[in-house]
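Can you make the complete structure from the sequences, with help from the hints?
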Amino acid sequence: RFGQGKVDFHYAKFGGGEINFERTDFGPGKVDFRMAEFNESRINFNRSNFGNGEVTFEGSELKSGKFLFKKATVGEGMFSFEQVIYPEAEVYLDGTDFGKGTISFQKARIKHLSLRSCQMNDYVDLRMEEAGLVDLSDTVIRDIIDLTPYETPVAIRTLKISGMRLPGRIYLDWHTNRLPSMILSQEQASEREISEQFRIMKQNFNATGRYSYEDRAYVLFRRYEALADRKERIAKNPWSALWEYPVYVFKWLVFDKMGLYATSPGRVLVSVIIFWFLYGLLFYLTDILDLGHTQSAVNNPDQLSMLSQSFYHSAITFFTIGYGDVYPQGITRLLSALEGFTGVFMMSYFTVAFVRKILR
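Every position in the sequence shown, counted from 1, becomes a number in the numbering used here once 645 is added.
Note that these hints are calculated values from the structure, not bench results.
Under the rule of at most 27 Å between Cα atoms (straight-line distance), these lysine-lysine pairs were calculated in the BS3-like manner:
| no. | residue 1 | residue 2 |
| --- | --- | --- |
| 1 | Lys-675 | Lys-752 |
| 2 | Lys-651 | Lys-752 |
| 3 | Lys-876 | Lys-847 |
| 4 | Lys-1002 | Lys-847 |
| 5 | Lys-902 | Lys-847 |
| 6 | Lys-711 | Lys-675 |
| 7 | Lys-675 | Lys-708 |
| 8 | Lys-711 | Lys-658 |
| 9 | Lys-716 | Lys-651 |
DEER-style ranges, computed between Cβ atoms:
| no. | residue 1 | residue 2 | range |
| --- | --- | --- | --- |
| 10 | Asp-818 | Gln-649 | 42 to 50 Å |
| 11 | Arg-837 | Phe-986 | 31 to 39 Å |
| 12 | Ile-879 | Phe-986 | 26 to 34 Å |
For each residue, glycine too, the CB sits at the ideal point set by N, CA and C.
See the structure below:
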């Protein structure tokens, strides 16, 4: 137990091995480990209690080993790991209550940073220079986590936010931070966990007004949710694979590829053109094979060719215009009915996607 004054290990050099501060009460003063050299050590601050003074490890160096700071209590002072050099070390701050002070890992180099099950009530600067893994699973974020690169790049290879509760905000850039890569690079993560993390990011981007990023996160959330649903149902009943795979392929084609889950009106419009062309081609082929015909009810005054009339009939059927100047015969009646339904569905799909883009 330390008293009321400052605890100063500034520029201290430790020889390595076990460095144990477990269950230590550091008092209300500043705790200063700036520029300390821990060499190759296992440092233990588990269940330690820090007062309202600043706690800083700024510029300290740990070549390899572990830095344990689990279930510690930090008061209202700043907690700083700025510019630390732990290139082959693992830092565990799991379950720590950080009070109301600012937390900073700016320009830090840490191989593995775990902040699982922490409660963060103030601004958190995670603009790290280098990190293999940052684990924020089951963490409660009440203010802001900043990952947006400004003067220097932020190089975090893997980010894990499974189970995070986010009444606050996360600020990061989809492209610059390579968000999909950060989440998808998780080892041994299930599709359900991946989908849940993209759902969290989707809600976060909506709250921060970055709607294009919200759409991207939503698409990935739905893709991995569909994969997880299929796997879980087949695991419960292997026979369900007989219908789960066809249903999955249908959803993949209609909901994903044709419109990116109603987030891309342009893609829906391209799908409309493709459907119109395919149905027109089918009408033409049925005419050639004498399986059905598209017949002019007004003696074809414009002298349209068989191909032109097929595509014209496809257009007025798809958009449910129904002039009545061309009508189907034979199997083309069935195709016309099917195309009419497809047209109504695709126009509704386009309307939803378009309105989603405009009215936000």
